[in-house]
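**Q** Here the structure of chain A is known, so what remains is to put chain B in place on it, guided by the hints.
Protein sequences, first through last, are from chains A and B.
Start counting the first sequence at 1; every next residue gets the next number (the working numbering).
Start counting the second sequence at 1; every next residue gets the next number (the working numbering).
Hint data in this document are derived by calculation from the structure and do not stem from the laboratory.
Worth double-checking, as some hints may not be accurate.
[Claimed, not checked] Okay, the calculated beta carbon distance ranges per label pair: (1) B:PHE53 - A:VAL43: 17 to 27 Å; (2) B:ARG88 - A:VAL43: 26 to 36 Å; (3) B:LYS125 - A:GLN26: 21 to 31 Å; (4) B:ILE128 - A:SER69: 38 to 48 Å; (5) B:LEU66 - A:VAL48: 18 to 28 Å; (6) A:PHE141 - B:LEU61: 37 to 47 Å.
Remember, it's a predicted structure, so these values are computed and weren't measured experimentally.
No residue lacks a Cβ here, since even glycine has one placed at the ideal position from N, Cα and C.
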Amino acid sequence: MRGILFAFLGGAFITLQGVANARISQGIGTWQAAALTQFTGFVAALIVMLILRDFKRQGFKKVKPLYLSAGAYAAVIIFSNVTAIQHIGVTLTVALVIIAQLALTFLMDHYGWFGLQKKRMGLPQFFGIAMMIAGVVILKF
Amino acid sequence: MISGLLLALLAGSLVSLQNIFNNKVNIHVGSWTTTTLVLGLGFAASFTLGLVFEGSAMFALHHLKLWFCFSGLIGVGVVTCMVQGINRLGPTFAVSISMCAQLGFALLFDSMGWLGLEKVDFTFKQLIGVLVVVCGIIVFKVGGREKRTANEQGLVG
Chain A
1 MRGILFAFLG GAFITLQGVA NARISQGIGT WQAAALTQFT GFVAALIVML ILRDFKRQGF
61 KKVKPLYLSA GAYAAVIIFS NVTAIQHIGV TLTVALVIIA QLALTFLMDH YGWFGLQKKR
121 MGLPQFFGIA MMIAGVVILK F
Chain B
1 MISGLLLALL AGSLVSLQNI FNNKVNIHVG SWTTTTLVLG LGFAASFTLG LVFEGSAMFA
61 LHHLKLWFCF SGLIGVGVVT CMVQGINRLG PTFAVSISMC AQLGFALLFD SMGWLGLEKV
121 DFTFKQLIGV LVVVCGIIVF KVGGREKRTA NEQGLVG
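Just chain A, with the same shape it has in the complex (with noise of 0.2 Å):
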């Protein structure tokens, strides 16, 4: 129960996020809502993680470059991000963040790449895909 109250609260604030960003990006400007935003994220995340003792150096190691460099695409996210709320809405501009990704992420899993245990494509994920892209289309029409 808890664990469903937990994920309910982390979509809310996700959506929360990116309409806050919008907002801010009207008052200073886009590039620099989401430096700041992610300056305070990061601090206070620096934070937590000296208080838990929560740092493995030696992992670093471990993880391919390209691996480490994800972060750096928040930049890009952000922007787009804001952008389409500010020229679809948030409802549109979340339920198509919400289909590339599972479309993406399937596709990555079924082919394997990036090392990911490969798992076959199956008919209720075509489904699944098809029912949100209708969704979309009565949405916007």
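**A** Just chain B now, kept in the frame of chain A:
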């Protein structure tokens, strides 16, 4: 409008790549070290791109409000909730619930026009659209996949 659609799809694609790569980092260095690294790099990249595209305008924060500076803490809430949710429910159910909640709150924000958003009037059509997307997410996530063959299970990953 088309550019809005394409940008949303781009954001979603990058999110899925980021999730997979961050997961690999997470296994070796732990979740808070990963979060710190990810947000630190995100800041560095945003700041650099901002300087490239806007130059010194990057520092012109005329309409800065105090709460802007604390908004980044929402990200810490996201990580905490998702890590707890996934630990208790497993990734499939936790992520499904989170995605449905994201859509529900998105509709709420659009309908209310909170935080200076352009208000999109709530219509029955929108509710149906969101419910169809939610059903799609559930079918996608909960619907079984074909079992991996013994060969693949043994050799891959």
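**Q** Checked against the structure, which of the hints given earlier come out wrong?
**A** Violated: none.
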